[in-house]
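Chains as they are written, first to last, in this note's numbering: chain A, 62 to 564; chain B, -6 to 97; chain C, 2 to 125; chain D, 4 to 336; chain E, 86 to 588.
Simulated from the structure, these hints should not be mistaken for lab results. Keep in mind that the hints are not guaranteed to be accurate.
The calculated DSSO-like cross-link candidates involving lysine-lysine, where the alpha carbons are at most 30 Å apart (straight line), are [what the hints assert, rightly or not]:
#: 1; chain 1: E; residue 1: K123; chain 2: E; residue 2: K454
#: 2; chain 1: E; residue 1: K468; chain 2: B; residue 2: K85
#: 3; chain 1: C; residue 1: K123; chain 2: D; residue 2: K315
#: 4; chain 1: C; residue 1: K119; chain 2: D; residue 2: K78
#: 5; chain 1: E; residue 1: K123; chain 2: A; residue 2: K173
#: 6; chain 1: C; residue 1: K123; chain 2: D; residue 2: K148
#: 7; chain 1: D; residue 1: K78; chain 2: C; residue 2: K45
#: 8; chain 1: B; residue 1: K20; chain 2: D; residue 2: K84
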Amino acid sequence: MNESYLLSLLVFSPLLGIILLAFVPKVQEQTIKIVGFLATVPALLLSLFLYFSYRAGADLAQYTEKYNWFGFIKDGPFSVEYDLGINGFSLVMILLTAILSTLAAIASIHIKKEWKGYFMLFLLLELGMLGVFAAENLILFFIFFELTLIPMFFLIGKWGYFEKEKAAFSFLIYNGIGSAILLIVIMILFAKTGTTKISAITAILASPQGTVPTFGAITTELRYGLLIALMVAFGIKLPIFPLHSWMLRVHVQAPPAIVMLHSGILLKIGAFGLIRFGLGFFPEEFKSMAVLIAILGVINLLYGAFLAFIQDDFKMVLAYSSISHMGIVLIGLGSLNEAGIQGAIFQVISHGLISALMFFLIGVIYERVGTSMIGRLGGLAKVMPIAAGFLLTAAMASLGLPGMSGFVAEFMAFLGLFKEMPIIAAVGAIGIIMTAVYLLRAVLNVTYGKPNNTYENAFDMRPIEFVPVFVLLGLIVLIGVYPNVLSQPLQLVLDTIMIGLGG
Amino acid sequence: MSSVPLSAYLILALILFCIGLYGALTKRNTVIVLISIELMLNAVNINLVAFSKFGLMPNITGQIFALFAITVAAAEAAVGLAILIALYRNRKTVNVDEMNSMKN
Amino acid sequence: MDLLNQYLNNYLIVIVFLCLGILLPVVALTAGRFLRPHAPSEAKYTTYESGIEPFHDSRVQFNVRYYIFALMFVIFDVETVFLYPWAVAYEKLGIVALIEMLIFVLMLLLGLVYAWKKKVLKWI
Amino acid sequence: MIENLLNSPPSWLNFGIFFGLATALLMVVLGFVTYGILAERKVMGFMQGRIGPNQTGGSWGLLQTIADVLKLLLKEDTIPKLADRPLFILAPIIAFAPAFMVLATIPFTDKLQFANIGVGLLYYIAVSGITTVGIVTGGWASNNKYALMGGMRAAAQMISYEIPLVMSVIGVILFTGSLNLVDIVEAQENVWYIFLQPVGFLVFFIASIAELNRTPFDLPEAESELVAGFHVEYSGFRWAFFMLAEYVYLFAMAALTTVLFLGGWHPVMFLDFIPGAVWFALKFSFVVFILMWIRYTFPRMRADQLMEFGWKVLLPVALANIFISALIKELFF
Amino acid sequence: MDLKTFLSFEWSIMAPEFIIIGVATLLSIIDLFMGKDKSRRPLGWIGVAGVVLAIISLVGLLDKEATSILHDTFRLDGFGKAFKLIMLVGAGMVLLLAMNYEPKEGMKEYRGEFYYLLLTALLGAMVMTSSGDLITLFVGLELLSISSYILAGLRKKNKLSNESAMKYVINGGISTAFILFGMSYVYGLTGSTNLTEIFTLLSNLQNEKLIYVLAIAFFMIFVGLSFKIATAPFHMWAPDVYQGAPTPVTAFLSIVSKAAGFAIILRVMIIVFGQVSSGNEETPILIFHLQDYIAFLAGATMIIGNTIALRQRNIKRLLAYSSIAQAGYILVAFASLSYFMMDAIWFYLVAYLFMNLGVFAIIQVITDKSGSEDISQFAGLYKRSPLVAVAMGIFILSLAGIPGTAGFIGKLNIFLGAFVTSPAHYVLASIMIATTVVSYFYYFGILTQMFFRPAIDDSKVKLPSGILIVVVLCVIGTIGLGIFPGIALDFLSQFDRFSDFIG
C-alpha cells in the first residue's frame, strides 16, 4: 500500500479555508466571499483528478490511508483507526459533493448577512460530507456524519427564512434520532467484532457464524435487528415515507444554497449508507426484505407525487418531489438485480444534480420576487425569460425526459423491478406519470401563468449565476447522453454487491 | 438476663432507623428533621456496637466505627444548625415546606 | 461467670439508683398532695411578671449566641470522645499516639482560635 | 457477704437488697443536705460576723432546715396556667434523678462503694449532663421570661464549663490509665494527683463550681437580675427538688474532687491508723468548706466574663495541661 | 504501633494529601489574621499553587506500585491516582473560578473561607478515593460532604444560598445514615472494616440468609451513595442546591463531588460486593443479580434528568438536571459491569470535568454580570462576544455528545461497555441514546439563545484572566480529548485496567 495523503488532503482541504476565514476581519465581505469560494476549489480539483485517473485505469486502493487513532485497549482489539479510502461509488459521490459545494458557494451570493460565520460553517459542512464518503471506518463515518449535523443546524437556524428555528430543531431532532440509531448499530457491531473497519466487518459478517472468532454471538435475530435499525437510521435521512416531515421544513426554510447541498448530497448519504452498510453488511437479510423495500419505495413515490400535486409553495413541490424521487432509489434497491441497483445509484446522483439546479433557480427567483408561492408567481417567462427557461428545462430533467440523467436512472430502476416484481413495478409506474403532471403544473404556472405580481425589482440572471446552471445542466445532459461516465466507475462496486447477494 | 439476642438489637436499630426516616421525610420543622437524622445515625451506632459485642466475629472495630459515626454526626448537626440559624435570620421560618423560593 | 455477674450487678445498682432517683420526687410530691392545702384563686395562677398578665407566649426569640455556644459545645464535647480512650490507653500507645493527638488537639485549638477571632466567644 | 451478692446472678432479690442499701445512702445524703444547708448558713454567718439560724431546735438552730423542709412540704403548690403542665411537672424529676444517680459510682472507701463500673468517671460526667436538660425544661415549661432566660443561661454556662471539666480530668486518666474511680484512687497511694496535676485540679475545681451554679458563677439564678432564674415559677416541694439536686451535686462533686485529686480514702503520710472512711470524710468536708468559703468571699461574675473565662482561659489551659501531662508521663514515668 | 513501624510507613505516598491539608490550614490561619479590608485574592493563588504542587507530587507518584500504609487504611493504587488527578485538576480550576466570583451581594466577607473549605472538601474526596477501610472512607466522605454543605450556604445573606444549603444538609444527612446503616451490616457480617479483608471474608460467604442481609446492605449503601452523584432516587436536592449555591460551588459539586461519588461507589461496590457469591447456580456472583436494579436506577436517572431539564428556564437549574442525566450515563457504565467499566467511568469523568467546568465558568461570568440566571441572559452572546459564545458552544456540544468532542468519546466508551457484555444491555443503552436525543432540545436551546436570538444589551463580555485560563484549558481538553482520545486512553492503559484495585 502506498503512503498517500491525497484523500486526507481532499477531505480536510475546506479546513484551510476555515482557518483563513478566521483571520479575515468581519467587515471585508468581498474577501470573505472569495476565500469561501476558493476554499471549495481544492477539493473539486482533487476529486476531478481522482475521477480521471480512475477512469484512466488507476487503482483506487493506492489512495487508502490508515493510521492508528486510538484504542480502548492498548495494542489490542477495540481500537479505532483513522482510515480513509474510496471505491467507485464513493468516488462519484465525492465528486458530486465537490462540484455541488463549489456551485453552492457561488449560489451563496444570495445570503444577506454574516458572511464570515456562514462560510466557516459552509466549509465545515463540506468537510463533513466529503468525510462521510471517504471514511473506511464506522466510527470515522459516524463522526463525519454527525459533523454535517451541527453546521446544518446553524445554517438553517440562522440564515433561513421565517420559521427557521423550528426547522432547525426538527432537522436536528430527526437526524439526531437517526444518528443515534446508527450509533447503536455501530457500537453493537464494534462490541461484537472488536473492530470498526468496514471491510473487516463485512468479511466477518459474510462468513458463517462461528467460523470467525467474535466477542459475542451475532445471531440471526441480531442481524435482522441491526438491518432494520440501519434502515430506520438511513431512512430518516433519505427520507422514507413516515419519517419525512422534517425534510419538508428544511427545504422550505433553509437558504437556497444550503438546500442545494441538503437535497443534493445530505439526503443521498441516506441512500449511500443504505447501499454501503445495509446491503453491504447484511445482503442475505436485505434480500428477504426486498419486497418490503420495494413497496416502501412505491409508497414514497406515490405519496410524494400526490402531495406535490396539491402544494402551493414551489419549494414544497420540490420537497415532495424529492421524497418521490427517493422512492425510485428504494425501488431500484428493492429489485436487487444489477440494473435496479445501478438505477438506484444513478438516481442518487442524477437527483442530486437536478434538485440542486431546481433549488438554485428557485433561489434566484425568490431573491428577485420575494416569494415562492405558485399562486403569487406567474408569467415569469416574460420578466425573467432566461431563468424561466432554465426552470422548465430542469423540470423536464426531473420528470425524466429522455436524454437527461433522470431518464436513465428511472428507466434502469424500473427495468430492474419489472424483472423481479412486475405488479409492484406497475403500480410504481403510475408515479412516473404523476411526476410529469405535478411538475408541469407547477412550472407552467410559474412561467406562463397569469402574472399576479408586479415584479418591480425583477431582473434576469446575473452572469455569475450562469455558472452553476451551465455546469449542472451540462452534467445532467452528459449523464443522460453518455451514462458511461457513471457506469464505468461504478462497475466494480456493483460487481462486489452482486457477489455479496450471491450472484 | 444476659441472653438478649443480637437480633433484638438489630430490630431495635431498624425500628429507630425507620422512625428517624419517617420523621426526616414527613416533618415540617427543620429542627425536628435534623433530630430525626440524628436518630437514624444513632440507630447505626446501636447496630455497630451490637455487632461489635455479639456479632459473628466480635471485635472492637465496631465501637471505633461508632465513635467516628458519633463525631461525624455531631459535626453534621452543628453545621446543620448553623445553616438553619442563617436561614432563619433571612427567612424567619424553620419550616421545610416554606423553603420554596426555587420552585418552578 | 463471676465477672459477668459482677458486671451485671453493678449496672443493676445503677438502675436501682435511677429508680430511686425518680421515686423520691414522685413519692414526696404525692405525699405532699395530701398534706398541702389547695385553695386556688385566679391570681395565684398568673405568670410572675410585674403584676401584669402577659398576653402571649413568653418564649421570646433569644439571642443567637446560645445556639452558637451549643454548637461549640457539641463539637468540643464530642472531640473529647477521642481524648478519653487515648488517655486510658496511653501507656500502650506511646509516643506515636502522642504525636497524633498533638496534631488532633492542635486542630481543635485552631478551631478555638478561629472561633475566638471570629468573635464567636464573645458574650453579647 | 457483699462479695457473694455481687457474684450471684442478678435477680429480683438482688434488686431488693440493693434498693435497701441505696435507700440508706439516700438517707445519708438527705441528712447531709439538711445539715449542709445549715452548715452553709452557719459558715456564712460566721464569715459575715453574724450568728445565722439559732432559734429552732436548740441553741444552734439544728432543726432549722427540717422546719424549712416541712414548710415546703405543706406549702400550696401552684402551676401557672400558661405553663406547659407535663413538662413543668417533669422538670424537677429530670433535674434530681441524675444527681442521685451519679452517687452510685463514688467510692467512699475501698469497700464502701455501690457500683464499681469500669467507666465510672465517664458515667459520672455523662449522667450529670442530663441535669442541664431538666433545668432548661423547667425554664421553658414555666413560660416566663425570667425563667426562660435563667434556663438558657444555665444551659449555656453548664455546657461551657463542662468542656474544661472533662478536659481537665484527662490528665488524671492519663496517669492512671483507667476510667475506674477505684483505680484512680489506688493510683494515688503514694502521691495525690493534686500535686501531679495542679493545673488540672485548678481547672477542675473552677469548672466544678460553675457546674454547681454556685457563686461566683451563679448567673442562672442571679436573684438581682433574674429574680430566681429557671425556677421562678416553682414553689413548694417542686422547687425543693431543684434545691435538693443542687446540694446533692455539691455532695457528689466534693466527693469526686476528693476521689480524683485528693487521694480518696488514702491517709496522709503515716497517719494510716485512722480508717479510710474518716480520711475520706475529712477531705470531703474540707472541699465542701472551701466551696462555701468561695461562695461568700467572691462577688458574682458578669455574664460575658463568665462565658469568656470558660472558653478563653480554662479551655486552652486544660488542653495545654493534657499535653504537659502526657509529656511528663512520657519523660519521667 | 511503635515508633519504628510508624516511621517505616511510606509517608511519601500521602504527599498530595499532606500538601492539600497543609495549604488548607495555612490559608485558614492567614485568612483569620488578615485585616478585614484586605483583598483575599492572593489567598486564592496560594490555593491554586497548593493544588498544582499536589498534582506535581501525584504525577511523581504515578510509577509507584500499589502501596498501603497505616495498616491498610490508606491505599495508593492506580485507581486512586487516576481519580485523584481528576479531582485535583477540577478543584484547581474551581479555585480559579472562585477567585473571580463576584456576585452582586453576599460574598465579600466569606471569600477567604471559600478557598480553604474548597480544599478541605477536596481533601475529603482524595482520602475517600484512596482509602482501604470503611471508616476512612466514611470520614473522607463526610469531610467532603460537610465542607460542601457550608460551601453551598456560603452566601449567608442570600436566601437561595441558605435554602440550598439547608436542603443539602437534610438530604445529605439522610443519605449518610443510609450509607452507614449499610456499612454496619457489612461490618456485622465480616467483623472487619478493612476492604481487603472484607473482600476475602465475603467471598467465602455461603449462607443464604446472610447473603440476603448483604443484598440489603448493598442497596442501602448504593442508595445512599446515589445521593452524592445525584442520581435517582436521591436526585431531588441537586436542582435546588445547584441553583442556590454560589456558582463555583455548583461547579465543584457537579465535578469533584461527583467524581468522588463515583470513586467511592466503585471502591465499595466492587471490593465489598464484587466477589460475593449469590448462592445461585446460574449467576454465581451477587452483584450480577443486582445489576438489573442498578440499571433501573440508571435508566430512571437519565429519563428524569433529561425530561425535567426540558422545562427549565434557570440556567443553573438546567445544568443541574443535565448533570443528573450525565450521572445517569456514567451509571450505565457501572450497571453494565463490563471489562471497560472503570475506564469508561474515568474517561467520562475527565470529559465531564472539562466540558462542565467550562460551561460553569462562562455561566458564572454571565450571571455575575447581569445578576440574573435566566436562560435569556445568553441571548445574542455570539454578537456580544463571539469567542466566548463559540467556547460555550463547544462545551454544550460536548455535553450533548457530538463527535469531535470529549463527550462523544466518553459516550462511545460507555456504549462499548454496555454492548460488549453478554447478555448485552440493549435496553439500557437505548434509553441512554434516546434520552441523549431528548437532551438535544435543551442543549441546543442554549445554542439557539446564543447564536440566533438578538442580544438584550450589546455590552461585551470580558473574561477575567483566571476564568480565561479555565475556559482555554477546558476548550483544549474538550476538543483535544475529542480528536486525540488516545492521550487519555494511553494514560489510562498504564494502570492496566486498575488491576491493582483489589490488593
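Practice item. Against the structure, test the hints numbered earlier, and report the numbers of the ones violated in rising order. Key: Hint check: 2, 4 and 5 fail, others pass.
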